[in-house]
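Top to bottom, those sequences are chains A, B and C. Numbering of the first sequence is given in my numbering, commencing with residue 1 and proceeding in unit increments. Numbering of the second sequence is given in my numbering, commencing with residue 1 and proceeding in unit increments. Numbering of the third sequence is given in my numbering, commencing with residue 1 and proceeding in unit increments.
In short, the hints are calculated from the structure, not lab data. Think of the CB as a built atom: it goes at the ideal place given N, C-alpha and C, for glycine as much as any other residue. One thing to keep in mind: the hints can contain errors.
Claimed, not checked - To give a feel for the contact side, a few chain C residues facing chain B, derived at Cβ under 10 Å:
hint: 1; residue: 13
hint: 2; residue: 23
hint: 3; residue: 37
hint: 4; residue: 45
hint: 5; residue: 58
hint: 6; residue: 59
hint: 7; residue: 122
hint: 8; residue: 125
hint: 9; residue: 127
hint: 10; residue: 129
hint: 11; residue: 144
hint: 12; residue: 156
hint: 13; residue: 157
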Amino acid sequence: MRQLLLLALALAGVPVVRAQEPRLEGRLDPATRASVATLLDSARAAGLPTEPIVDKVLEGMTKRASPDRIVAAVRTLATDLGAARATLGPTASDDDVIAGASALRAGASGEMLARIKGVRGKAGLSVPLAVLSDLVARGVPVDTAASVIVHLAQGGASDADYTGLERGVARDIGAGAPPGAAAAIRARIVTTDGRGALTGAPASVPGKGPNASPKTPARP
Amino acid sequence: MHDEQDQLISQVADELRAPVALDPAFDARVMAAVRRAAPGRWRLALRWWTEPRPLRVSPLVGLACAAALAGVVVIGTRAVQPRSAPGTVPVPAAALVASTDAGEVVQFVLVAPQAATVALVGDFNDWDPGRTPLRVTAGGGVWSVNLPLRPGPHQYAFVVDGKEWRPDPAAPRAVTDDFGAPNSVIIVGGKST
Amino acid sequence: MTDRSDAALISQVLNGNAEAYGALVARYRERYARFAVHMLGEREDAEEALQDAFVRAYRSLAQCADPARFDAWLFRILANRCRTAGARRARRARTFIRDEAALGEASAEHPAERREWREEIHRALERLEPDQREAFLLKHVEDLSYEEMSALTGAGISALKMRVKRACERLRVLLGEVQHA
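Please build the complete structure, drawing on both the sequences and the hints.
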């Protein structure tokens with residue numbers, strides 16, 4: 001709680017202890033550097049990964065964004081990271097928190113994140129959540145995308161299954177399928193066939209295909 | 001007088017031969033239109049599924065799908081070995097080359113025949129255009145570089161001639177765009193359990 | 001090893017692999033973008049014409065008589081698209097010049113002068129008759145032979161030579177004044 005309070009203070013612009021980030025040295029004007037340093041310190045204190053924040057600043061600099069825009073982007077990111085940490089808990093890995101922040105930014109809710117984590121158990125979240133973000137970027141409604149991710153997790157899907165599904169959905173969308181339907185149907189194929197997503201089995205129509213419930217193989 | 005006139009024309013022609021920047025989304029737009037014009041495997045599949053039959057892929061649809069998949073896979077892995085033979089130009093895409101203990105080695109390819117330099121920037125190299133230059137093949141126009149990446153998602157793009165931001169035409173876009181210049185995403189797969 | 005020649009890619013596309021067409025798009029888009037931009041004077045129009053040409057070429061790919069000369073066949077389709085587009089578009093501000101300037105540095109020595117010169121050339125080009133502009137670009141910028149130009153445009157060789165000659169004369173008049181100013 002205290003950590004999140006510190007973060008909230010930092011986001012409100014209250015200065016805390018400064019630390020140096022060598023990659024940013026000499027590349028930002030003093031005011032921007034101060035804002036960023038404050039945010040980094042608070043993120044660190046709140047148990048949030050700082051690498052994505054530094055990365056965001058570097059990205060903004062390469063893109064020649066204005067300092068205001070960089071600081072705004074970093075504040076948003078820090079907020080998302082904080083929200084992901086709050087949802088996923090203090091023991092979640094940095095990678096999971098980072099993936100969670102992206103998923104939240106893509107429109108997933110805290111409940112969706114919690115549900116996915118609940119089903120995935122100890123397995124990492126970064127690939128499933130990255131696939132979730134990709135699906136949303138392709139036009140799959142976020143509710144459908146989240147259901148798909150959960151559904152696969154319940155079937156014990158591996159990271160490769162997730163990326164395979166994402167590729168399959170991309171192809172189906174390219175062939176003219178509505179994104180939501182493409183995602184929902186592919187998910188069913190992956191779990192019913194085991195590894196069907198990679199063999200090019202044609203997509204079925206919702207409600208008209210075989211009504212078999214998905215097998216749930218033992219979780220690895 | 002004649003020489004001077006020819007010189008003018010030649011200067012004009014030189015000026016007009018300069019490369020012209022295309023919208024980085026150009027390829028994607030063309031291919032989206034091409035896919036809409038393509039025979040529509042989706043509709044073929046739809047028709048096939050509405051007829052009751054045992055769970056078996058019909059030969060024609062399966063063949064078409066397999067051919068299309070093979071094409072996509074081939075292009076994806078052909079991007080792995082750009083060759084110097086003239087006219088052999090793979091579709092730009094980041095493609096997995098090899099797995100190592102440190103992560104997966106991914107090859108990034110960009111087709112840019114008019115470029116003088118191409119650099120890869122991303123969350124794996126601090127978005128530093130000086131750090132990961134691509135090399136052009138002997139045939140010209142095809143730029144590539146291999147890079148080991150940790151499993152998980154990565155954002156990246158290309159910087160052409162030190163000034164033009166170019167996302168990967170064949171890769172999905174990142175959902176968020178904080179700075180008005182979109183990034184591409186590659187998800188490096190973890191272990192297949 | 002897979003053959004990646006135009007003919008091989010076309011064969012794949014005709015066998016049902018639409019994705020293989022992407023390699024052809026990547027191969028030729030830059031080369032033909034230049035012609036389209038100078039014919040139409042506007043990058044957006046040029047991209048639209050180029051995209052249109054690629055899609056039309058895809059749709060009628062089975063009618064490409066010689067797949068090994070896909071490039072010439074595509075160029076012909078593009079030239080037609082440019083002629084149609086040029087005939088029907090309304091006059092608009094020449095935004096693509098500002099794009100080029102925004103994209104950055106001209107020659108290091110005299111950047112402002114170089115940009116002005118380039119703009120003068122584009123203005124002069126626009127004042128040519130479309131037939132003359134097309135012939136001039138094909139001959140002097142794309143370096144086609146008169147035979148190739150004839151096959152591409154359907155015009156006779158002597159007519160093409162006349163168009164190029166007139167284009168050069170007009171450009172000398174329009175630009176000669178600028179140069180000596």
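Restraint: residue 125 of chain C near chain B, CB-CB cut 10 Å. Satisfied or not? The hint holds - residue 125 of chain C has a Cβ within 10 Å of chain B, the shortest such distance being about 8 Å.
Just to be careful: measuring from the Cβ of residue 37 of chain C to every Cβ in chain B, is the smallest value less than 10 Å? Cβ of residue 37 of chain C sits 5 Å from chain B, so the hint holds.
Can you verify the interface hint for residue 122 of chain C: is its Cβ closer than 10 Å to any Cβ in chain B? 9 Å, holds
Close enough to count: is the Cβ of residue 45 of chain C nearer than 10 Å to one in chain B? 12 Å, violated
Close enough to count: is the Cβ of residue 129 of chain C nearer than 10 Å to one in chain B? 17 Å, violated
Can you verify the interface hint for residue 59 of chain C: is its Cβ closer than 10 Å to any Cβ in chain B? 6 Å, holds
Under 10 Å, Cβ to Cβ, is where residue 157 of chain C needs to be relative to chain B, so tell me if that hint holds or is violated. Nearest chain B Cβ about 19 Å off; hint violated.
Going by Cβ atoms only, is residue 58 of chain C closer than 10 Å to chain B? 5 Å, holds
Does residue 144 of chain C pass the interface hint, meaning its C-beta sits closer than 10 Å to a C-beta of chain B? 13 Å, violated
Please verify that hint: residue 23 of chain C, Cβ, nearest Cβ of chain B, below 10 Å or not. 5 Å, holds
Once the shortest beta carbon distance from residue 156 of chain C to chain B is found, is it less than 10 Å? 23 Å, violated
If you take the shortest Cβ to Cβ gap from residue 13 of chain C to chain B, is it below 10 Å? 9 Å, holds
Of the numbered hints stated above, those contradicted by the structure are hints 4, 9, 10, 11, 12, 13, listed in ascending order.
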